[in-house]
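S.K.: The primary structure of each chain is shown beneath.
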Amino acid sequence: MGMATPKETQFHVLAVDDSLIDRMLIERLLKTSSFHVTAVDSASKALNFLGLVEDMASEIHQDVDVNLIITDYCMPGMTGYDLLRKIKESKSLKDIPVVIMSSENVPSRINRCLEEGAEEFFLKPVQLSDVHKLKPHLMKSRVKEEQDQQPINNKRKIKEEFHSPDKTRVKCIS
Amino acid sequence: MDRNHSHRHLAAMKQSLFDQGLLDEQFIQLEELQDDANPNFVEEIVTLYYRDSSRLISNIDQALKERNSMDFNKLDTLMHQFKGSSSSIGAKKVKAECNLFREYCMAGNAEGCIRSFQQLKKEYAALKKKLEAYFQFARQSGPSETACRPK
Numbered sequence: 001m002g003m004a005t006p007k008e009t010q011f012h013v014l015a016v017d018d019s020l021i022d023r024m025l026i027e028r029l030l031k032t033s034s035f036h037v038t039a040v041d042s043a044s045k046a047l048n049f050l051g052l053v054e055d056m057a058s059e060i061h062q063d064v065d066v067n068l069i070i071t072d073y074c075m076p077g078m079t080g081y082d083l084l085r086k087i088k089e090s091k092s093l094k095d096i097p098v099v100i101m102s103s104e105n106v107p108s109r110i111n112r113c114l115e116e117g118a119e120e121f122f123l124k125p126v127q128l129s130d131v132h133k134l135k136p137h138l139m140k141s142r143v144k145e146e147q148d149q150q151p152i153n154n155k156r157k158i159k160e161e162f163h164s165p166d167k168t169r170v171k172c173i174s
Numbered sequence: 001m002d003r004n005h006s007h008r009h010l011a012a013m014k015q016s017l018f019d020q021g022l023l024d025e026q027f028i029q030l031e032e033l034q035d036d037a038n039p040n041f042v043e044e045i046v047t048l049y050y051r052d053s054s055r056l057i058s059n060i061d062q063a064l065k066e067r068n069s070m071d072f073n074k075l076d077t078l079m080h081q082f083k084g085s086s087s088s089i090g091a092k093k094v095k096a097e098c099n100l101f102r103e104y105c106m107a108g109n110a111e112g113c114i115r116s117f118q119q120l121k122k123e124y125a126a127l128k129k130k131l132e133a134y135f136q137f138a139r140q141s142g143p144s145e146t147a148c149r150p151k
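In order, the protein sequence lines correspond to chains A and B. The opening position of the first sequence corresponds to residue 1 in our numbering, with each subsequent residue numbered one higher. The opening position of the second sequence corresponds to residue 1 in our numbering, with each subsequent residue numbered one higher.
Calculated from the structure, these hints are not laboratory results. Treat the hints with care, as some may be off.
[Claimed, not checked] Residues from chain B that face chain A, not an exhaustive set, calculated with beta carbons under 10 Å:
id: 1; residue: L22
id: 2; residue: E32
id: 3; residue: D52
id: 4; residue: I89
Everything numeric in this text was worked out from a predicted model, so none of it was measured. Ideal Cβ positions, reconstructed from N, Cα and C, are used throughout, including at glycine.
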């Protein structure tokens, strides 16, 4: 299958979709692009996996290394939008990039998700070309992780270069 | 049939499915995801589609029996799921029938729903047969460059 990326440097994507077919598809799309994938069929399972237990006031810190979350919008129970909000409200998870997928092209829905902090909004069926758009968001997160480990005198310089993801967020599908 | 001949025949089979409007570009996208480690991905996902959607079909059939008190919301939700899966495998005509059904749902047209669902099931069954034949022939023909765009 070509070059195998070692697990430590592979990006780990959590895919959330209640459709069996779409889970199979997104998993294949991501694996083809050398991502390590965990696929779950509901938002609540996703939160469990991420270590966020809904009923509890405090978050249980868990050593789950997820670099990106890609979720369907329309799901029974908790929607992808609800999941996005919960992730952005969480101290430990808010910096994980979130991508929303939907079969319906509803501009108000798209804008709402982007405003809530989603990095991208993909129309289904998701294509390889969409998945290729994920790497920059993941590279940015990885740089930020590394930056957080830098000695203090370097921090300010790097922060200036990579601050404010808001500028890149305007991605509306017309 | 020698190798080249059978590959041409396979390509012709695929072309025919596109010409009849049964499949769209998404099917090609699926083929592009096949590789040496996953040589049968398209057949696997299509097989899963037929298995998974049969459940949806019986649920819709059941809901359509309530002629006097049809739950259009429920039908629309079920059909939304069915349409999504059909779209993901490139089932163009089936997807079109799903859209028609949803229009009847939104209009609260019970007879329309029943009729269009009959048609949908026909298209769905016809595609299944043709894809089964296609995959069977593909398996017999051996490995080839399957992801080629029809004209």
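S.K.: Can you give the numbers of the hints that this structure goes against, from lowest to highest?
M.R.: 1
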